[in-house]
Amino acid sequence: MKPLVLTLRHEPQQRLDLSPLVPDRLIRRTAKEIEALDIGTTRIALKVGDMFKVRLGDANSIRFEGGSERFDQVGAKMLAGGAIHVEGDVGAQAGRAMAGGKLTIAGNAGPFAASALAGGEVEIGGDVGDFLGGPLAGEIPGMAGGRVIVRGNAGARAGDRLRRGVIIIEGDAGEDVGSRLIAGTMIVLGAIEGRPGYLMKRGTIALAQTPELGPTFVDCGAFHFGFARVYARSLAAESRGAARLLGQKLRRYAGDTAVYGKGEILTPA
Amino acid sequence: MTDASLDGRSIPREDAYAHAARILGAAHFPLVAGLGADVAGARAAILLAERLRGAFDHLASRDALADLDVLRSSSMFVTTPNEARLRSDFILLVGAGLSSYWPAMFDRLALHEPPRFGAQSRRRALWIGPKRGEAHIDGVDIDTIAAASHELPGVLAALRARVGGRPVALGDAATKKLDAHASAMKAAQFGVAVWAAENLDALTIEMLCGLVADLNAATRFTGVPIGARSGATGVVQASGWMTGFPPRTGFGRGYPEHDTWRFDARRLVDSNEADAALWISAYDGEPPPWRRADLPLVTLAAAGAKADGRGVFITVGCPGRDHDAVDFAQETSSLVLRKASAPSKLPSVADAIGAIGARFSEDVPC
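In order, the protein sequence lines correspond to chains A and B. Counted from 1, the first sequence has number 205 at position 200 by the working numbering; the numbering is strictly sequential. Counted from 1, the second sequence has number 1405 at position 303 by the working numbering; the numbering is strictly sequential.
These aren't lab readings, by the way, just hints derived from the structure by calculation. A quick note: this is a predicted structure, and the numbers were derived from the prediction, not measured. Be a bit skeptical, because a hint or two may be false.
[What the hints assert, rightly or not] Selected chain B positions facing chain A (in silico; Cβ < 8 angstroms):
(1) M1309
(2) T1362
(3) W1363
(4) R1364
(5) P1445
We treat Cβ as the ideally placed atom computed from N, Cα and C, and that holds for glycine.
Work out the full structure: start from the sequences and follow the hints.
This is how it looks when you write it as structure tokens:
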């Protein structure tokens, strides 16, 4: 069946909260009901119908024709079985607290993409802003599951407080990648800046380019990791670069010894 | 000199209030920024933002939120400067130029006197990353660890690792030195760390506060944060009791929403999302941080502020100098009433906002 299509009429004048437009909330709704949903964030009221042309289809699969840097919370809290595709850019908190399903964004995403993701898959074709997968200001837990792939570059503090799941950044990562990591896996294929893994307790950060590490990351030598090779094979379909990185001989740095020291940064040996 | 101007031409203050009301009342999403004000001014400003369904931000939010992020997402031990003065036998100073952020700091901490309670010994101090020649106070033994600002996070991390007895990737001599500092800190009976958020980022503050927490396993160690400038700490408290959130909060949907990215004043203006702004800087007349020049702007600033000749400019009194004011006092870590030191007829921020609010057209809700 064809997907439900929302075609952007014009660039929005205010930021939009698109969290109501997820499959489980649109299923069995008429076009009129969908057009009447509120998506404005200022005192100027704004309905779906003001911004989008709605073409009904299988609401389990939603397609946005056209995007904007002002699309916030696209796919937020999506449940398993749903799918959303955005043919364009999105704003902050794309895929926020998703429990399942698949979110694909052809363009760039703003800050806090995949924030507190609990399950499902997020794929971003362009670049993302700061705090990829991280908790919002004032929140304690970060991403707790699922898989995130960024084909472009990421901003600062990607993977902040990551607890479970995988984040793959095929481009460069901004400052302080994997800060406060608790567990889970981060893979960066491009260049990195700042202090990778600062305050990380456990978990794995694999970096294709050898960075300058702080004094609390201790060299443990180079090994062929058995598990990393098996794991690499499971990533090959989504990211060949990530699979290639994990399949080779890797040097392991244990850290951040300032906090716990059970985490590791892996770089090609 | 005149008290008010419109696009650089001086006008009567009453006309300025009316113009300001027109600018702010017509906006779809106005921004109340700067917020360099006493508690009464902050209250008036936040109520105005709520009434107009705009957003508010403080000019030193970056610094105030760096401390607050550690407090609310991790943990932080803090005490008052007076407690530090009376009890501390060890002071850990972090970052360069601390006394420039709080000029009366060393007077208040009185490090040259022995502590009144607890350990009856000369105080020891460790300063990580001081400026050249800065780490010298008569009557105090100050050790230093040289560190440029980009090296500070690594030094703090290594020190914390050695306090916990975990390995670091440093040479034997460097590790030995750190170990000596670590055992001095562990030997303290009441240690106090002092830092300024303007100097550090949230991750580095989290590392420092973690170090303090680790030391508390065996002794007492706590912190004295030097808060952000222009009344930020008092404004954060007022914002907290009024909305439940710190600054960078918006009322666009009629209820307070806190988002440190979305309601960042500079971003709101430069992205064209805010279509008018009220800029408040009553302490020192600091200019707005944004680049956009065509924004309809109302400025409430201290006398002597550089008005760049755009929009409505209204001179307001400096809290505690021109008028009595309640604001946050670093010396006591609490809100205090400051009597006007040189009373004048200039309106306070709260007076000016009250006068603007009284002139809104009828379609603005009250």
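So, going through the hints one by one against the coordinates:
1. With a cut of 8 angstroms, the hint placing M1309/B at the interface with chain A holds, because the nearest CB-to-CB distance is about 6 angstroms.
2. The interface hint given for T1362/B is met, as the beta carbon of that residue sits about 4 angstroms from the closest beta carbon of chain A, less than 8 angstroms.
3. Hint status for W1363/B: holds, given a least beta-carbon distance of 5 angstroms to chain A, under 8 angstroms.
4. Because the beta carbon of R1364/B sits about 6 angstroms from the nearest beta carbon in chain A, less than 8 angstroms, this interface hint is met.
5. At a threshold of 8 angstroms, the smallest CB-CB gap from P1445/B to chain A is about 39 angstroms, leaving the interface hint violated.
In summary, the one numbered hint that this structure violates is 5.
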